[in-house]
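Undergrad: Sequence:
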Amino acid sequence: MAHILLSHHYPEEYNRCIKVNFRKKDYYFCARCLGYFSSFFLFFLASFFLNLSLVKIDWVLLYILPSFAVVDWMLANFHINNGTNLTRYITGLLLGITGSRLIFLFLNNPLNNKIYYTIIPYFLMIGLILLIKKLT
2 MAHILLSHHY
12 PEEYNRCIKV
22 NFRKKDYYFC
32 ARCLGYFSSF
42 FLFFLASFFL
52 NLSLVKIDWV
62 LLYILPSFAV
72 VDWMLANFHI
82 NNGTNLTRYI
92 TGLLLGITGS
102 RLIFLFLNNP
112 LNNKIYYTII
122 PYFLMIGLIL
132 LIKKLT
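Each number in the working numbering comes from the position in the sequence shown (counting from 1) with 1 added on.
Don't read these hints as lab results, they were simulated from the structure.
Ideal Cβ positions, reconstructed from N, Cα and C, are used throughout, including at glycine.
Worth double-checking, as some hints may not be accurate.
Okay, the calculated beta carbon distance ranges per label pair [what the hints assert, rightly or not]: (1) F23 <-> N110: 39 to 45 angstroms; (2) P12 <-> N114: 41 to 47 angstroms; (3) I133 <-> F69: 16 to 22 angstroms; (4) N78 <-> N114: 40 to 46 angstroms; (5) F42 <-> Y117: 20 to 26 angstroms; (6) V56 <-> L125: 41 to 47 angstroms; (7) L131 <-> N52: 36 to 42 angstroms; (8) A47 <-> I130: 29 to 35 angstroms.
Using the sequences and the accompanying hints, generate a full structural model.
TA: Listed below in structure tokens is the structure:
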């Protein structure tokens, strides 16, 4: 049960995880999720406390940064390139910045169109990728 809380991967997918040995026991953390949550909390706190004005670069934060994670995930899903944990961690960092920016925008204005113009295309693209994978 503890492994589900730390990593959503099954033991045969532990190559996608970062292994930490603590008290003679191995714990596995999903590399992308570790990167995601690391940058999410740091960037989210910085957005509030440093009063970052990011409106001019929102298109980069919301559209460009998550595309690296989607491409890496897609390549691994279609067994084109398995990637590395460093790549997963870095794409997770980029994804965390996007996630924190979306939450920040939502908390400031839940009706902000940028939120939905970001989320909907990515969900549609991921759904299409999964459908193609299922059909092939």
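Undergrad: Hint by hint, say whether it matches the structure.
TA: Now for the hints, and whether the structure bears them out:
no., hint, result
1, F23 <-> N110: 39 to 45 angstroms, "holds (42 angstroms)"
2, P12 <-> N114: 41 to 47 angstroms, "holds (43 angstroms)"
3, I133 <-> F69: 16 to 22 angstroms, "holds (20 angstroms)"
4, N78 <-> N114: 40 to 46 angstroms, "violated (30 angstroms)"
5, F42 <-> Y117: 20 to 26 angstroms, "holds (24 angstroms)"
6, V56 <-> L125: 41 to 47 angstroms, "violated (25 angstroms)"
7, L131 <-> N52: 36 to 42 angstroms, "holds (39 angstroms)"
8, A47 <-> I130: 29 to 35 angstroms, "holds (32 angstroms)"
Taken one by one, the earlier hints fail for this structure at numbers 4, 6, listed in ascending order.
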